[in-house]
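So you can see what is in the structure, the chains are spelled out below.
There are 2 protein chains.
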Amino acid sequence: MARSKYTVGIDFGSESSRAILVDVATGEEVATAIHSYLDGVIDEVLPDSDVPMAPDWALQNPADYLAALEVTIPAVLRLARVSADDIIGIGTSFTSCTLLPVRADGTPLCMLAEWRADPHAWVKLWKHHAAQQEADLVTRAARERAEPWLPLYGGKVSSEWFFPKVLQILREAPQVYAATDRLIEAADWIVWQLTGQERRSACTAGYKALWSSRHGFPSSGYFQALDPRLAGVIDSRMSHRLFPLGARAGGLTADWAQRTGLRPGTAVCVGNVDANASVPAATVVSPGRMVMLMGPSICHMVLGTVERIVEGMCGVVEDGIVPGYYGFEAGQPGLGDIFAWFMEHAVPPLYHEEAAARDFDLHQLLAEKAARLRPGESGLLALDWWNGNRSVLVDAGLTGVLVGASLATRAEEIYRALVEATAFGTRVIIEAFARSGVPIDEIVACGALPQSNPLLMQIYADVTGRELKVAASSNAAALGAAMHAAVAAGKGAGGYDTIVEAAAHMARLRDEVYRPIAEHRALYNRLYAEYVRLYDYFGRGANEVMKALKQIRAQARGEA
Amino acid sequence: MARSKYTVGIDFGSESSRAILVDVATGEEVATAIHSYLDGVIDEVLPDSDVPMAPDWALQNPADYLAALEVTIPAVLRLARVSADDIIGIGTSFTSCTLLPVRADGTPLCMLAEWRADPHAWVKLWKHHAAQQEADLVTRAARERAEPWLPLYGGKVSSEWFFPKVLQILREAPQVYAATDRLIEAADWIVWQLTGQERRSACTAGYKALWSSRHGFPSSGYFQALDPRLAGVIDSRMSHRLFPLGARAGGLTADWAQRTGLRPGTAVCVGNVDANASVPAATVVSPGRMVMLMGPSICHMVLGTVERIVEGMCGVVEDGIVPGYYGFEAGQPGLGDIFAWFMEHAVPPLYHEEAAARDFDLHQLLAEKAARLRPGESGLLALDWWNGNRSVLVDAGLTGVLVGASLATRAEEIYRALVEATAFGTRVIIEAFARSGVPIDEIVACGALPQSNPLLMQIYADVTGRELKVAASSNAAALGAAMHAAVAAGKGAGGYDTIVEAAAHMARLRDEVYRPIAEHRALYNRLYAEYVRLYDYFGRGANEVMKALKQIRAQARGEA
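Taken in order, these protein sequences are the chains called A and B. Residue numbers for the first sequence follow this note's numbering, beginning at 1 and rising by one. Residue numbers for the second sequence follow this note's numbering, beginning at 1 and rising by one.
What the hints contain is simulated information worked out from the structure, not anything from laboratory work. Hints are not guaranteed to be accurate.
A pair counts as met if it fits within one copy or between any two copies, since identical chains are not told apart.
[Claimed, not checked] In silico SDA-like links for lysine to any residue, alpha-carbon gap of 20 angstroms or less: (1) Lys-550 x Arg-374; (2) Lys-547 x Leu-534; (3) Lys-369 x Arg-553; (4) Lys-5 x Glu-307.
Given only the sequences and the hints, what does the whole structure look like? Please build it.
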């Protein structure tokens, strides 16, 4: 019997990186190591300085990414007692759009003494939200020119994406822009570090940098209209060559082989995005099954054979999730974040005390109490917009609503109404996909919440009327990266030729299946009809009270 | 110098009675005594029995009222060291509509062994809410016959009122109805006990039993249509003679003189209602100044010179508050109850801990934190319907709404939004009065909340655009009863000829005046416009989601 072969998958998160060492034949996660970033999310003051950050900023230090590689890869090798000879590939997944300005040799500007004190020289993390003005400009310019790519992004460009962040650098720090040779996603930069070659991913370019295989990047005419100084941005600071997921970006450099304990030349896969990498790790490599990555927010991903325009989706990218398919993404900006808000700010002491006495966490306790309620029994209905709405309204200015409160309302009822509201929000997205010819027959959830919260899963099954399954891995993004690494290595090296093959061997689901309960479904259909009515009323312009409240708040604060 | 004269005012509340002994010349409250009812609010099981109560029932034991007299009157005499010779009158105020079935001699049926085990033989407390079906029948029959009195009650008869409760007795316990000689408000029954004479008040009859000086009670034709068995209810079980507030109902009987320590023949005033008695105690004896009694709910009272139909008011009664004027009442069914709900069910432990550490009560702490916010700064807007809406929509089926929630929302912001919502609800009522020709230039608040919560008062001033003053007495209902007692005694005995005179001497306001702050007013005008839009949308039929949620809940519980 041949010796087992392994790949390493490394997921770069917002606070830490996680590396797993995976058996290519079985998908078994043999070892895991986590490294917390020294500088974490930089949102108060720049490292080693007293330069304060403005509100809504969120930066990172690229040195943290490199340290993560140096710490976690040797750690998993050691833990697994596996020889580097048997590691056939390295794959990465990353938050996105997380971008940095670098020199022609890949050196981040923030690593150069002369630029270190300028916040614009650092990595802009995905949740850097200070480029909203720029996002509005990017969208407006596209609308005015009726750019063909705009509908592929739900008609609106998010402030989290590539060009709003680039435009912010240009407008606020033209000197940084001028000193920048390459503007690059961290997902691509880390692959550049490992291989010594700038090999950018079609995935990040497609979802975050407005690129498509058909149109390429937006035209220089568009950028000229947006800001004349940006007219040459693609030719001067980006790359026209983009590589598909699972492609071999190159071999590990001698330097990085030494720093990680891996063999020089080990296949390094093209960079991937965390949510996208999770899809094959959730066994989904064909149309009809939607993957929901359920964390602080929800990312919905589904494959299709034809490019479709779906209302309010985040993007559709050919080969963007699994090569050979159009990868559709949609999202809800609040899930775990809403529950965390509720638990921290709206649950009375008795519940905390009961949870402590029973050695539960509070979330468990609320879920247990809420599970005793029948659908609709609370008399409550919420709009899940505590963090705005992404799909399908694409409106960050929307806010949360609770209807039906009475003197008899209890915390577990509000909790359940919040869970239900997020499920209704997902049903709106599923119906938008279905309406546009992207059918969804089944749902696979991944992330920590689905594994720990059966009530949440059952409510999603009941509300959507779909069977719901849960990915076996609790490190889906890292496992997906390791699976793509096996493809980058190829069958000849002991890996696979396609991600479909890799998924067949390496990805698994948990045993439990959540099936819609007919009686619940009937009740939820009635509630959903009420949800949609409120959704349309508050979300589609009939009553702009949420915007008015923000304007009044600005006036109260003396900002307007 | 003549010796001081005194009156005793006794306010019969839901849980206890409070007697005060008042100096007639100055209004000084010389002594106070409180007696908690032995049986309190009976809502689980009948006293001395295992007869269980149905949901929404709320009964009382009339023996508790008698015990209160026997305990509190001697107590205030003793505490004040005042001779009974100097007590010139006794006045009472009562919850309403609180009614009981009695024999021809005034004996409550529940005091007779043969009826004691029947819940319908007991006092139905104002908040007995089990006669909703009957209330709907009373309203429907009035609508079908276009009864002229219906508009005087906002177009709808409350389940708390007289005839819904009577009809419930008739329908559910015809044997109790048959054994009843007199159906009477507890406010009138207690006066009957003290004087030996059945002298009913025009006030309770007007506000709760559909009586008016112009029309009298509803016609026997109406009652025939409502239920043929009720056709003769007025002639057989009520009284056509009704006495104005401040009238002398009679003199104290020898028996009650002995039981209380007062002199036989002491003037006993006609019965009054707690809220109504508070109005002159708040110095208001003329039109243009609205009294708000702010407790668990709000009662709004204002005087007028002309009978007007005001949208959604609770009632308008000639001489119903101050003789010589039409007394208008409106109400909001939630105020302190909403804050109590919020504090018990939606405030996280840190706030409770901080309050405890600072030796604050939680309400103080929330008010302190909320006071640091500017109007509109929370970005929140609520509809204050946690306990339904009385004026102006007259719809108990409406429920609470919160709009504008975000991950940054904090408890004090929700608290402030709830306070603001109740203030907006009051502004709707004030504007309804003004639209109908009942102007309101100034507001006087009474109750415990106004005395302890300056933030609440300032917000009401800012939202309504009116100056707000606060009654000095924290026992306004009992003081009002004592003032009316001075009128019942008359000038010859050392009292007064009119309540206007009594108010001039006995009623006072606190020094502080809450004046609208222009800048706040401007912000609240914007917020109020948004409130009204939501109010109309959810309250006037555009979106019946609140009713739908209740129907879905009933279905979930297997009730529908």
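* Asked: For which of the previously enumerated hints does the structure constitute a violation, in increasing order of number?
  -> Violated hint: only 4; rest satisfied.
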